[in-house]
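> Now for the letters of each chain:
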Amino acid sequence: ETGVTQSPTHLIKTRGQQVTLRCSSQSGHNTVSWYQQALGQGPQFIFQYYREEENGRGNFPPRFSGLQFPNYSSELNVNALELDDSALYLCASSFAGGGETQYFGPGTRLLVL
Amino acid sequence: AQSVTQLGSHVSVSEGALVLLRCNYSSSVPPYLFWYVQYPNQGLQLLLKYTTGATLVKGINGFEAEFKKSETSFHLTKPSAHMSDAAEYFCAVMVYGNNRLAFGKGNQVVVIP
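For the protein sequence lines, the chains are A and B, in the order given.
Residues 3 to 115, numbered by this note's numbering, are exactly what the first sequence covers, in order.
Residues 20 to 132, numbered by this note's numbering, are exactly what the second sequence covers, in order.
Because the hints were derived from the structure by calculation, they are not lab data.
None of the hints are false.
For the chain B half of the interface with chain A, some residues (derived, Cβ under 7 Å), not all of them:
(1) Tyr51
(2) Gln61
(3) Leu65
(4) Thr70
(5) Phe109
(6) Gly123
(7) Gly125
Where a beta carbon is used, it is the ideal one built from N, C-alpha and C, also for glycine.
Please model the complete structure; the sequences and the hints are all you need to start from.
Structure, rendered in structure tokens:
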């Protein structure tokens, strides 16, 4: 069974640029959630995708957007990067349903200069 | 909205001593509760979770947690700390029908030989 994978592992961008992060969900999972973890903080929920539709969003501006593909993999896109977007971005996959465990990937560390 | 409080960002424990990490949650409806562990430069790994039923939950690596509704708590314990327990620990809450995790700020555990 393949776990959750994310790419790239590290990324350096400059302010104003755009970035795309990728996530492959664990085999058999149909839901993908994205979280942002700033240094020294707990992860913050960005949004979740189920059946290729956004299924809930946290307190993040519209320049954070996503996609889910038919194979349940997902992308997180961030436009007009700001310095505060520097963080570890975590993807988690799960089955849809109440209380289902979310399994996390290793994350993508983004640095915005 | 649900939230989690973890006090004491850094926790030092001697090898062989009790590990106790406190978690209090706020939720208007019965929650699902989780503890995750994060090793350096890695994603989050599930330690244990409470959904329904028995309030004492046993997890991996000798950890356990007890759900106390009257105290809105879900404290994590391990009877005897091992050097390999040095990591960051996050408590999280999920409300049924709202499949997003709300995390606490985390506890960085240092094990002293």
